[in-house]
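Put chains X and A on the given structure of chain F with help from the hints.
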Amino acid sequence: MNQKTVRRLPIYIALILLALVSVVPFVWMLATSFKNGPDVYTQVPQLLPLDKKTGEWNPTLGNYEYVFTISGLGTAFWNSVWITCVLVPVKLLIDALAAYAFARIPFPGRDKIFVLMLAGMMVPTITLLVPRLHVTQVLGVYDSPWGIILPNVASVLDIFLMRQFFRTLPVELEEAARIDGAGRMAIFWRVILPLSKPVLAVVTITSFIFHWNDLVWPLIVLNSPDFYTLPLALQQLASTESGRAYYIMAGAALAVVPVMIVLLIFQRRIMQGIAFSGLKS
Amino acid sequence: MIRRVTGAAAAAVLLAGLAACGGGSEEGGAGSATELTYWMFQDRTPQAGEVVEKIRTDFEKANPGVKVNIVKIPKDDYNTKLGSALAGNTVPDVGILDQPLVSRFAQEGTIKEVPAGTLNEADFWEGALNTNKVGGKLYGFPIDHTAVALFYNKALVPTPPKTWDELKSISAGIHQKDPKVAGIVVPKGDGYGAWMWPGVVGGNGGQMVDEANKKILFDQPQAVEALQLWVDLLPSSPREITDSDQAFANGLAGMMISGPWDVATIKDQFPDLDFSVAPLPYKTTPAGNIGGENAVVFTKGKNEALAWKWLQHLTNATNNTTLAQALGGFPVNKEAAERDAATFGEQQQAFLEQLKVAQARPAIPQWIQINDEIIAPALESALSGKMTAQESLTDAANKTRALLGWNS
Amino acid sequence: MASPVVAQRPAETPPGPGRRRRPGVGRRDHLIGWLLIAPALVYFIIFLLYPALAALYYSFTEWDLHSAPIWVGLQNYTDLFFDDVKYPHFWKSIQVTLQYTLVAVPLTLIAALGQALLINAIRRGSNLFRLLLFLPVVTAEAAVGAIWRWLYDPQYGLVNAVLGLVGIPRQNWLNTPELVIPALAFIAAWQCGISMIIYLAGLKSIPESIREAAVIDGAGPVQRFFKVIVPMLRPTTFYLVVTGIIAALQVFGLVYVIFSGGGNRSVTGGPEQSGLAYVLHIYLYAFRYNAMGAACAMSFILLVFIMIITFVQFKFMKQEAS
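Protein chains in written order, with our numbering: chain F, 1 to 281; chain X, 1001 to 1408; chain A, 2001 to 2322.
Quick caveat, the hints were computed from the structure, so don't treat them as lab data.
Not one of these hints is a red herring.
Straight-line alpha carbon distances no greater than 27 Å define the calculated DSS-like cross-link-like pairs of lysine-lysine that follow: (1) F:K52 / X:K1180; (2) A:K2086 / X:K1215; (3) F:K53 / X:K1154; (4) F:K53 / X:K1177; (5) A:K2204 / F:K197; (6) X:K1356 / X:K1168; (7) X:K1112 / X:K1067; (8) X:K1386 / A:K2092; (9) F:K52 / X:K1177; (10) A:K2318 / F:K112; (11) F:K52 / X:K1267; (12) F:K53 / X:K1180; (13) X:K1309 / X:K1072; (14) A:K2086 / X:K1075; (15) F:K4 / A:K2227; (16) X:K1386 / A:K2086; (17) F:K4 / A:K2204; (18) A:K2315 / F:K112; (19) X:K1154 / F:K52; (20) F:K53 / X:K1267; (21) X:K1214 / A:K2086; (22) X:K1300 / X:K1137; (23) X:K1386 / X:K1283.
For reference, chain F alone in the conformation it holds in the complex:
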């Protein structure tokens, strides 16, 4: 045991160094976000919020106050919260229903449609942006939160993942429920979904992270700052001439911290999910 630990010591040292590279940028982000303007700019990096001249303890919440109220990241934060909270469940439902049909209900043309959808996944997002913009304008949802929700309300990848999972469930369970007189939908709700918690969790969490972080589509479809999502508001903050490191890092922290919390809570599911989807494909 002891000898084994000694042999593993270099491995642990290497891992600790790698973990530092991974984590320090976030620590630095937080450290900067609590400093007063001039204190941020020191030639020797200073982790703690100390006054540049006197060296006294001099932290501030002012940067958060500024980005939250004046730069509009507060509004953007709540927009992101409600948009993700509406989008993710609706998307999950649409995808799960389709995945179930693709996995279990035979009907003519089903596999052709499925292959066509999968082929559609190859098309790069950038190709779709201009016509999608047009579609949102025709639907009258351009420059509104629905303009973000509708074009994201289903996902071929998620349908694919769920279909693969549904197909691993034993058909006998369904047969048994059917003999008890349950219809397709009853089977879906009472048999399939309860058994599919792992894949549902994975899809929910990855969807949440993806839509919480998405920058490109909101950048194109939104005009009014009232509707901005957090990544968009952060990008705007970082790009204006009033953007300074201490404000920008406070804004980045607002975007990063909620996702980190989700990751901490659901880490096992996420890791399993990635391994599952990665190996499946």
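Just chains X and A now, kept in the frame of chain F:
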């Protein structure tokens, strides 16, 4: 069974419902007859937001039954957003328009010509007014105007340079005294640098283009020397110092070129910095480039008469000073400007000086693209030493000629 | 991205033909099936199929968004390839993107494999390290760009401070053309967590017996790595290379945030266009210069590229399987 199926199809219904609901609210907004949608750049400060709000409520009080809906968009993305809005039917009725776009939109018929009698030309500063003219016709209102000038750190630069030679020697002196400090933040070969550079060319008596005779002039000696000035400043102003965040505010650069908006933010956040602002140094002729905002009325928009009325309201003698200051510039209404000149503060005087000699950007529809894709890279290749100033500008001028189909 | 391959194996479809013929069930099942996929199908047609076809049409037009598209045939394509006045940076953006892909993909995979091997070698704390190394993955592009812009600051950046400790002189990372690609690739490698997890799963799936057999044969750790682990991980590596290339060719958000902004930065793609990723170039033409037709043409060139890569992958997988 069938009931359950209907339940399952809820998603489809929901989809349709979302679309309908989104659509409904859009139409409701545009449909009401007395609503005016105005697009502007996002506020620089919270105080600016209050100023705009007051001007809006004043207008609504003076015009009962009218509601002005203000949409604020960050400057960087404004053109992008406007482009996509114009593609659909969510066009604003009236809004700010980037100066080079005025000529392009006028030619395309995207914006309306200012009707006779709507604007009295004698009330406005000519330079600002001219940025709205295309082929002699007026297509917009100037809202405010601004210019960039030379910020200098008083501890490092006791008296600001007036000429290019003084600029070079002061910059060299600063860096020689302390190698950790740069003389001046030299603009870069990017869109912003290319926007400022014509002011430097003007300082040497040069011009970018001769629109009337379709001639490109930025490969002429005056312009080449202007670019050479920036190249010459680089050894005493290393990029690795000036590229850092807030180099001037931190005292790492003796001088920088920026606009009036930076005065307040630096004072507020770096109270220890002792700085002032002077007009740009020049070689033969004092010059600078004019910035600022124009507002236009869109052809696809509604309520045209009201839109012009709103622009008159923004630029009248009562409102123009406060509005312009909120936008980070100066009033374009002569009466307002002359009346309030004394209140602008010491640092702002330099910008006013600069404005007197500032020149508008060429009114060429493709100017933004030329600025970003041709001039900016040309500046960069000279500044990085890949080419001489003459080589890179000759190359850029040829590309511009080819793009515009001009012969000389 | 590899999914079409799986989809085209009809043998996997479980419901047997017998069940399909059960009287009464069939027709009702058809209806239910169609109803269940209806929302997803509507979405697919409106937001994927139609946009893809429309983009193809627009790529043959000159279109500025506000007036009607004008049919120009193949002119956008020929101009992109041959007219360096109209599109001065088209080739540069391809060059930048290929360079980025060539540096970022191997760097990411090496980092991911290294991390996976290390984590696989320990028991205690492996979950913690896995979590910490995964953190950068879930971070929004906008935040990643903002954070690294600050870390790469030439005067106050942590990167220069740390490198200074080992005697490497201060660099102006994001403003020196030669350093832009390495700086961006490092960020990509910093975000290698997904590849790391997939490698880890691949390592766990190597049967213990094979490893033990190698030990008995007297293979040292280095030999074991090259003779056992690398060959066993070949399919995983191949999958990660393909998805990595496809992702790297489409890099956008990061460069957009890093090189956007007023003040002394601009969206035109970094110093001397050294960060002008292909998708950023498309974005600029589409939404900054309103040249929608050309932008759609560029995006179709990208699509063809990606299809070729996917096709090669498909061929390879088939070969591997047989």
